[in-house]
Amino acid sequence: MTTTVAPAAVDADKDDALKGAPRDWLPLLLVPALAVLAYPLVGNPSTWVTLTIAALAMGMMIFVIASGLTLVFGLMDVLNFGHGAFIAVGAYVAMTVLGTLQGWTQAPSLALNLAALGLATLAAMTATGALGWAFERVIVRPVYGRHLEQILVTTGGLIVAEQLIHVIWGGDQKPMPLPTALRGAITLGDINIEKFRLLAVLVGLVVFGVIALVLQRTKIGLLIRAGVENREMVEALGYRVRRLFVGVFVVGSALAGLGGTLWALYRETLTAAIGGDVIVLVFIVIIIGGLGSVGGCFIGSILVAMMANYTGYVAPKVALASNILLMVAILMWRPQGLYPVAKR
Amino acid sequence: MPDALLTLAGVHTHIGQYHILQGVDFGVPRGGVTVLLGRNGAGKTTTMRTIMGLNPPSRGQITFDGATISGLTPHAIARSGVAYVPEQMGVFADLTVAENMTLAALAGPPDTARLEWIFSFFPALKKFWRSPAGVLSGGQKQMLAIARAVIEPRALLLIDEPTKGIAPAIIDNMIGAFEELKQQATTILLVEQNFHFASSLGDTVAVMDDGRIVHAGSMAALATDTTLQSRLLGLSLDAHG
Ligand SMILES: Nc1ncnc2c1ncn2[C@@H]1O[C@H](COP(=O)(O)OP(=O)(O)OP(=O)(O)O)[C@@H](O)[C@H]1O
Ligand SMILES: [Mg+2]
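Keeping their order, the protein sequence lines are chains Y and W.
Start counting the first sequence at 1; every next residue gets the next number (my numbering).
Start counting the second sequence at 1001; every next residue gets the next number (my numbering).
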């Protein structure tokens, strides 16, 4: 269903009507600005290109994980500290599926490799989507509107999930090998681009595109955007925001499962604590982006990943600190994040 | 109350630990305009929100068209035929005017003829159709909030202070729109401080103070009785007219 209503009479004088608000491009410029700024610090052009592409790949993975979380907060003010559980469970489920499909992952055929990855991802997303549904019912629903309890209870859920992973898969570090055709790098001159990073960028862009399309072009998307702004009014117009929220929660959990799968493949290893490593960056991203803003989340993910990769090379000791610094700087510029969501 | 579309009986509402509505009783006759008056903080907005299910009553009963609606969720109350224009307007700033209207139309895409009828009172909405509602002025947002509530015929309109900060010319357009809605058998419950507006539209009136109804009767009687006006509402309201 499209959201554009075009009565003939309205279209007739479209020309003297204002067409859309001036878009706010400033935050977008931060991405090239940061890249340019990093160039002299990194020094070497081919290293700079490699780092920038690594940052884009990492940024896309963070975005995939963070997009659902920011909408979950925007719609119902729910602080879900258990989101990391979906990252880990997704990665483990994918690992299990890939393990049983070794014939496909080790075959020298890109098609078979991708088919195995596709199946593993599907399984991971189904499992984390279902887990998200149960998590929302059992853990989140009883504490709607109570932030302190949400933090405690969802953190508890995260701990329980990590322990369950220990029970099911064991506590040791697991290998997460890349399928044959995705290993290694493409070399262009003296620039090396790891194949998997290209795939991660592609997946992230597709996820962003689909989310943007749903938010801008469907009635469900319209309701989500309106609900993030003013949940009460959406209800007073006759819609069940809670049902919408469950849907967003489930999709967000499934995306975290997808992100966790990519993240584990990127590092080629995983433990039950895999979610914890990335979730700190995820929270920085949704604060930088503006709580509830998917566009802000997208740009925030790229900025945070760039910061992590450039400083990881230039001054590895301050990599995380640099991102906290980035967050502080952005919040000093825009206290509500890059793209603040209008709240009533 | 003979043939009331909406009835509140002994309605109490708490917000947190505050006891705001303390036994509200009144009826809104079918097909007319009932004006809810009262000084600032009397509980008018809370009454509207309680009817809408946004601040559910802790005690008492609300019936609408023969059915009990107290205890229902806001979306169920809306679907049963109640439209609400909140005091803060509740316009979605990030959505375009068109998108705001699309959400308000529950039966499908907004009806073109109905839209033209709305534009005849509020031409600004047509001009800014594709613009985000956030760029509208305060008065234009109020027009949009009202337009959303009337995009499809509803049995009952709850409208909280529509004239706040609105230019006189637009107030006259609003009166025109509400007059026509009345003829279309829409019942209206209106919170209003502008006595000119209230008395030119209102059929019946209920006056609140401290979370209770302190007077209910016909608008005609109140409009002509300045002693009653000054007793119930403090200042003489003629000044506005
Ligand atoms: N969320 C809330 N928390 C605590 N008290 C509230 C809340 N909302 C309203 N009140 C109190 O309830 C009383 C009634 O408020 P309400 O907004 O219903 O009054 P009103 O008649 O609409 O006033 P006005 O003419 O100023 O709009 C006031 O004393 C107000 O302070
Ligand atoms: Mg009020």
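Do not take every clue at face value.
Straight-line alpha carbon distances no greater than 30 Å define the calculated DSBU-like cross-link-like pairs of lysine-lysine that follow [said to hold, decoys possible]:
1) K1126/W - K1164/W
2) K317/Y - K219/Y
3) K174/Y - K195/Y
4) K1182/W - K1126/W
5) K174/Y - K1126/W
6) K195/Y - K1182/W
Because the hints were derived from the structure by calculation, they are not lab data.
Please read all numbers here as calculations on a predicted model, not as lab measurements.
Violations among the numbered hints, reported as their numbers in ascending order: 2, 5 and 6
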